[in-house]
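From first to last, the protein sequence lines stand for chains A and B. Mapping of the first sequence onto numbering that gives the first Met the number 0: residues 0 to 137, in sequence order. Mapping of the second sequence onto numbering that gives the first Met the number 0: residues 0 to 137, in sequence order.
Keep in mind that a hint or two might mislead.
It does not matter which identical chain is meant; a pair holds if it fits inside one copy or across any two.
[Claimed, not checked] With a cut-off of at most 27 Å between alpha-carbon atoms, the simulated DSS-like pairs for lysine-lysine come out as follows:
#1 Lys133 to Lys43
#2 Lys117 to Lys43
#3 Lys137 to Lys117
#4 Lys15 to Lys117
#5 Lys15 to Lys107
#6 Lys107 to Lys52
#7 Lys15 to Lys43
#8 Lys10 to Lys137
#9 Lys133 to Lys107
#10 Lys133 to Lys10
#11 Lys52 to Lys10
#12 Lys117 to Lys133
Hints in this document: simulated from the structure, not taken from any laboratory.
2 protein chains.
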Amino acid sequence: MARDIFHDIVKRSLEKEGWRITHDPLRLSALDEAKLEADLGSTKMFGAELGQKHIAVEVKGFRRPSLIYEFHAAYGQYLIYEDAIERRGLEWEIYLAIPEVAFHFLEKQEHVLYSIRKRNVRFILFDENLEIIKLWIK
Amino acid sequence: MARDIFHDIVKRSLEKEGWRITHDPLRLSALDEAKLEADLGSTKMFGAELGQKHIAVEVKGFRRPSLIYEFHAAYGQYLIYEDAIERRGLEWEIYLAIPEVAFHFLEKQEHVLYSIRKRNVRFILFDENLEIIKLWIK
Chain A
0 MARDIFHDIV
10 KRSLEKEGWR
20 ITHDPLRLSA
30 LDEAKLEADL
40 GSTKMFGAEL
50 GQKHIAVEVK
60 GFRRPSLIYE
70 FHAAYGQYLI
80 YEDAIERRGL
90 EWEIYLAIPE
100 VAFHFLEKQE
110 HVLYSIRKRN
120 VRFILFDENL
130 EIIKLWIK
Chain B
0 MARDIFHDIV
10 KRSLEKEGWR
20 ITHDPLRLSA
30 LDEAKLEADL
40 GSTKMFGAEL
50 GQKHIAVEVK
60 GFRRPSLIYE
70 FHAAYGQYLI
80 YEDAIERRGL
90 EWEIYLAIPE
100 VAFHFLEKQE
110 HVLYSIRKRN
120 VRFILFDENL
130 EIIKLWIK
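Can you build the whole structure from these sequences, using the hints too?
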């Protein structure tokens with residue numbers, strides 16, 4: 000299943016819960032006056048809102064056997080975006096959206112679990128077949 | 000130039016400065032009693048020592064056009080290893096070794112620069128042709 004399909008699945012899953020997609024893709028340049036032409040190769044994020052709440056969502060489908068490598072990339076990008084949002088004093092909450100089964104794999108990796116807890120990484124867990132949000136972790 | 004070639008170049012460059020390679024690859028399981036079978040897909044790191052000083056080194060060659068994606072992956076892995084080392088109370092300093100030219104590209108990315116400074120990421124910049132260390136950033 001291609002990466003963009005997961006992206007669309009998470010968008011639809013959030014819309015079912017009443018979220019409105021406001022930016023797709025959401026680029027750092029949309030958060031900032033500065034242009035960031037060089038985010039080629041990064042995963043597209045999207046922005047959504049529900050009432051006063053704004054979220055920035057990075058979606059990763061995680062295909063084996065490269066799950067750990069892809070998680071490293073997702074994690075690095077997540078933290079850079081989180082820092083950029085914080086720096087600008089924006090009210091956006093950033094989430095890493097991944098399939099529930101991928102999260103269950105990741106949380107068994109002791110060092111990964113320690114690191115994401117320490118750094119308060121927020122997750123949206125979804126079921127890609129049912130196209131629903133299973134859990135918000137923050 | 001393949002990834003492992005950079006790995007070997009950095010090892011040789013450090014040896015020229017008197018470092019002794021102690022672990023290659025250095026796995027999280029070497030830092031910890033727990034096994035981590037699942038680091039398939041992660042970049043191999045190595046360990047080195049000079050006197051009482053121990054370093055863990057993650058080498059990235061960074062080939063365009065995927066430089067940003069590869070940096071995200073390197074960054075995510077670096078932070079997980081840093082957290083694991085800290086958690087164990089080990090005296091290892093972790094470094095991300097990248098070509099000097101790649102660093103000059105990265106530091107022009109405002110959001111990347113902000114994030115690596117905020118998180119005190121340590122770098123070893125090397126010249127892959129001369130096989131020498133150009134700069135330590137900490």
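We went through each hint and held it up to the structure:
1. For the homomeric pair Lys133 and Lys43, the shortest alpha-carbon distance inside one copy (22 Å) is at most 27 Å, but the shortest distance between copies (34 Å) is not.
2. Both within a single protomer and between protomers do Lys117 and Lys43 lie at most 27 Å apart by alpha-carbon distance, with minima of 25 Å and 24 Å respectively.
3. In this homomeric assembly, Lys137 and Lys117 come within 27 Å of each other (Cα to Cα) both inside a single copy, at 12 Å, and across copies, at 22 Å.
4. Taking identical chains as interchangeable, the C-alpha atoms of Lys15 and Lys117 are never at most 27 Å apart, the minima being 31 Å within one chain and 37 Å between chains.
5. For the identical chains of this complex, Lys15 and Lys107 are neighbours neither inside a copy (30 Å) nor across copies (40 Å), given an alpha-carbon limit of 27 Å.
6. Taking CA atoms no more than 27 Å apart as the test, Lys107 paired with Lys52 passes in neither setting, with 31 Å inside one copy and 32 Å between copies.
7. For the homomeric pair Lys15 and Lys43, the shortest alpha-carbon distance inside one copy (21 Å) is at most 27 Å, but the shortest distance between copies (42 Å) is not.
8. In this assembly of identical chains, the alpha carbons of Lys10 and Lys137 lie at most 27 Å apart only when taken from the same copy (19 Å versus 40 Å across copies).
9. For the homomeric pair Lys133 and Lys107, the shortest alpha-carbon distance inside one copy (19 Å) is at most 27 Å, but the shortest distance between copies (39 Å) is not.
10. For the identical chains of this complex, Lys133 and Lys10 are intra-copy neighbours only, at 14 Å inside a copy versus 46 Å across copies, given an alpha-carbon limit of 27 Å.
11. Only within a single protomer do Lys52 and Lys10 lie at most 27 Å apart by alpha-carbon distance; the minimum there is 16 Å, versus 49 Å between protomers.
12. Proximity of Lys117 and Lys133 under a CA criterion of 27 Å is satisfied intra-copy only: 23 Å inside one chain copy versus 33 Å between copies.
Going through the hint list in order, the structure does not satisfy hints 4, 5, 6.
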